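Trainee: Sequences and hints are given; from them, build the entire structure.
When we follow this note's numbering, the leftmost residue of the sequence shown carries the number 1, and every step to the right adds one.
Each hint should be verified, as a subset may be incorrect.
Okay, the calculated beta carbon distance ranges per label pair [as the list claims (entries may be wrong)]:
no., residue 1, residue 2, range
1, Asp7, Gly147, 34 to 42 Å
2, Arg2, Pro146, 30 to 38 Å
3, Thr55, Met119, 30 to 38 Å
4, Arg74, Glu143, 15 to 23 Å
5, Asn152, Pro6, 31 to 39 Å
6, Ala145, Gly98, 18 to 26 Å
Bear in mind the hints are in silico, worked out from the structure with no lab data behind them.
Keep in mind that this is a model prediction, so the values were computed, not measured.
The beta carbon of each residue, even a glycine, is placed where N, CA and C say it ideally should be.
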Amino acid sequence: MRERAPDTFRARFETSAGDFVVEVHRDWAPFGADRFYNLVKSGYYDDARFFRVITGFMAQFGIHGDPHVAAVWRDARIPDDPVRQHNSRGAVSFATAGPGTRTTQLFINYADNSRLDGMGFSPFGRVVLGMDVVDRLYPGYGEGAPGGRGPNQGRIQAEGNAYLTREFPKLDRIKRATIVAP
1 MRERAPDTFR ARFETSAGDF VVEVHRDWAP FGADRFYNLV KSGYYDDARF FRVITGFMAQ
61 FGIHGDPHVA AVWRDARIPD DPVRQHNSRG AVSFATAGPG TRTTQLFINY ADNSRLDGMG
121 FSPFGRVVLG MDVVDRLYPG YGEGAPGGRG PNQGRIQAEG NAYLTREFPK LDRIKRATIV
181 AP
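Mentor: As structure tokens, this is what we get:
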């Protein structure tokens, strides 16, 4: 799971809302690009939910639906990359809880969120096809618990998709993510 990513590649996400394609540039954020490449190749994002979708801000995903698999990756952190691109509309970055905490969770920017640049969120790719699909992801649950009505990330980690299916049935999901071009 530590294979070096190609310098540029594309990944297709087949979702319940339609398909979109992310183009990755390793020189933007090498650690992020490598981790993303390996997670997609391993099928990690297959059947994952878009559990935090905030209209006008971003769509977040990347907790595996099987709690046992999620647990393996929870502490598999990657080093921070310098921010070389802006968190503009369509940019894809790893979510973080602070320095040195990137693992598997990603977000796609809905707008110019360049204020995130100074917080260390380093984009490694951009949605190049299907941003209209990303725009259609279900936003009805809003911010996650405890501050909002959306899913609690701790419960997603512990209970997986069973929790999300039971309590948040309208969430869109990734059917399959694949590397489509080196």
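Trainee: Run every hint past the structure and note whether it holds.
Mentor: Do the hints match the structure? See the list:
A beta carbon spacing of about 39 Å between Asp7 and Gly147 agrees with the range 34 to 42 Å that was offered as a hint. Distance hint check for Arg2 and Pro146: the Cβ-Cβ separation is about 35 Å, which falls inside the suggested range of 30 to 38 Å. Checked against the given bound of 30 to 38 Å, the beta carbons of Thr55 and Met119, roughly 21 Å apart, lie outside it. Our hint of 15 to 23 Å for Arg74 and Glu143 holds, since their Cβ atoms are close to 21 Å apart.
The supplied range of 31 to 39 Å is met by Asn152 and Pro6, whose beta-carbon atoms lie about 36 Å from each other. With their beta carbons about 20 Å apart, Ala145 and Gly98 fall inside the hinted range of 18 to 26 Å.
When each numbered hint is compared with the structure, a violation occurs for hint 3 only.
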